[in-house]
Amino acid sequence: MKINSSLPSIFRSLSFLTIIAIWLILSYFIEHRLFPSPYNVIKDIGYHLSEGELIADTIATFTRAFISFSIAMILGSIIGYLLAKIKILDYFFDSWVIIGLNIPAIVLVILFYIWLGLTETALIAAVVLNKIPIVIVNIREGTKSMEKNYFQIGKVYQLNNLIIWTKIILPQLYPYLMTSARTGLSLIWKIVLVFELLGRGNGIGFQLQVFFSFFDISGLLAYAIFFMSIILIIENFIMIPIEKKATHWRKL
Amino acid sequence: MIDILFNNINKTFLQVDAINKKNFNSLNILKNFNLEIKNNEVLAIVGPSGIGKSTLLNILSGNDTDFEGQIKINRNISDKKMSFIFQAHNLLPWLTALENVLLICNKHSLENNSAYEILNEVGLKDFINVYPNNLSGGMKRRVSIARAFVNKPNILLMDEPFVSLEKPLANQLRNQTIKLINKNKVTAVLVTHDLKEAIMFANRIIFCNNSPMEIVLEKNIAINDMSDYDSDEIDLIYKKIIIDHPLILEANHL
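Those protein sequences? They're chains A and B, same order as listed.
Residues 1 to 252 in this note's numbering are what the first sequence spells out, letter by letter.
Residues 1 to 254 in this note's numbering are what the second sequence spells out, letter by letter.
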């Protein structure tokens, strides 16, 4: 029983070690500065942490991502809920949402950089507009699929709005909120880096561009691996525990 | 809509006055429908499916406000506390049995204690922290019964509450519910297809038919409170109604 439950983590660790091993072997045989070994990359991470601006760039990127994510989640949830509840609004804005879902992220950021200049506001506005339609669609569907019978309890027992929201509405929306949050985070990380690369003077995306200019693959991998590690930490130690807590009753 | 007060020296709890209600096809389910529910009585509404019995309960409970007419409550009833045992359990799956019962309490310590007491009374002492997904159908029904009585209601609405349960379990829960109704001196309205169940619960049975719904027969029932579903006493009344009113009962598919 114990062996079975630990099997997934054993295989995940083995899989990760296999990637490192393949990388190590390839770098040994290729032996070129454009294909650095894992050891050199780790050394570079250490260097950029102590001597360079890895921490400052990471903070800049995460601040942008966090602000964009928060605005998109809050606005998207409110709009999604309203569209599900008010049919006329849904009819009117449905095509806007479809356009929002399909407009390329790069088009939005170019437009905003031209209209608002190469500013934080332009970057955050472009990221938010990219992310919002996904949240709207998720929350709209979640709101529409809420169980109507549960609301009878609220009416019969004249429960107040606070209880109806916290005990009846939000628990039904948690899965949709979590899906929006997780898919949204993975999308936002990526587009923030691209947008930084295009028009900011700091942040991980900007540094990747610098490394690209100097063909500094080791530095590029050092930044990328450090950044991915933090995202994995956020996913495993923040997002997954929150999701488990919100939906624990399903798995019992 | 339900809180229009009226003075009545008789023991009327609720008065349904000229209710009109249309269904989604704009057909009248209830047309000029009148009904009086007396204080402390258990009224059973018996009739075939689809004639508007559950619609009437939804109107009485405040779940459905899209109707014409008035529901009046006796001014002498100081505090209207309503409860409902739904046909579906309507338990929130993300709350434990205890939390589901506490949901309708005002976080008042006395009511919190009553939640424990009532769950104990319906035999769920050891399951208070279990989620509905892990409870059997009978246990879920017990939780919904406990929830219906925790706020000490003075009117209880029941919409075919024992319909999908196995016979022995249904009998056990019927007896338990009757005990709680008597203990709490609750005015109750039961909608059911099951005439024996209606006889077991009710002081008065109304038989409804047709669409729009109309009352075609009314019977007062007087039996021993503790009579079992399969008792000779209930069987005798059941047979007498069938013999006296064969056409009505045939129309009701009873």
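The reader is advised that the hints may include incorrect statements.
Result set (SDA-like, lysine to any residue): computed pairs, CA atoms no more than 20 angstroms apart in a straight line [to be verified]:
#1 Lys-148(A) x Asp-64(B)
#2 Lys-81(B) x Lys-245(A)
#3 Lys-244(A) x Asn-133(B)
#4 Lys-140(B) x Ser-15(A)
#5 Lys-140(B) x Ile-114(A)
#6 Lys-148(A) x Asp-235(B)
#7 Lys-245(A) x Asn-134(B)
#8 Lys-152(B) x Gln-152(A)
#9 Lys-155(A) x Asp-64(B)
#10 Lys-167(A) x Pro-93(B)
#11 Lys-144(A) x Trp-96(A)
In short, the hints are calculated from the structure, not lab data.
Now for the hints, and whether the structure bears them out:
no. : hint                    : result
1   : Lys-148(A) x Asp-64(B)  : holds, 12 angstroms
2   : Lys-81(B) x Lys-245(A)  : violated, 34 angstroms
3   : Lys-244(A) x Asn-133(B) : holds, 17 angstroms
4   : Lys-140(B) x Ser-15(A)  : violated, 45 angstroms
5   : Lys-140(B) x Ile-114(A) : violated, 61 angstroms
6   : Lys-148(A) x Asp-235(B) : violated, 39 angstroms
7   : Lys-245(A) x Asn-134(B) : holds, 18 angstroms
8   : Lys-152(B) x Gln-152(A) : holds, 19 angstroms
9   : Lys-155(A) x Asp-64(B)  : holds, 9 angstroms
10  : Lys-167(A) x Pro-93(B)  : holds, 11 angstroms
11  : Lys-144(A) x Trp-96(A)  : holds, 19 angstroms
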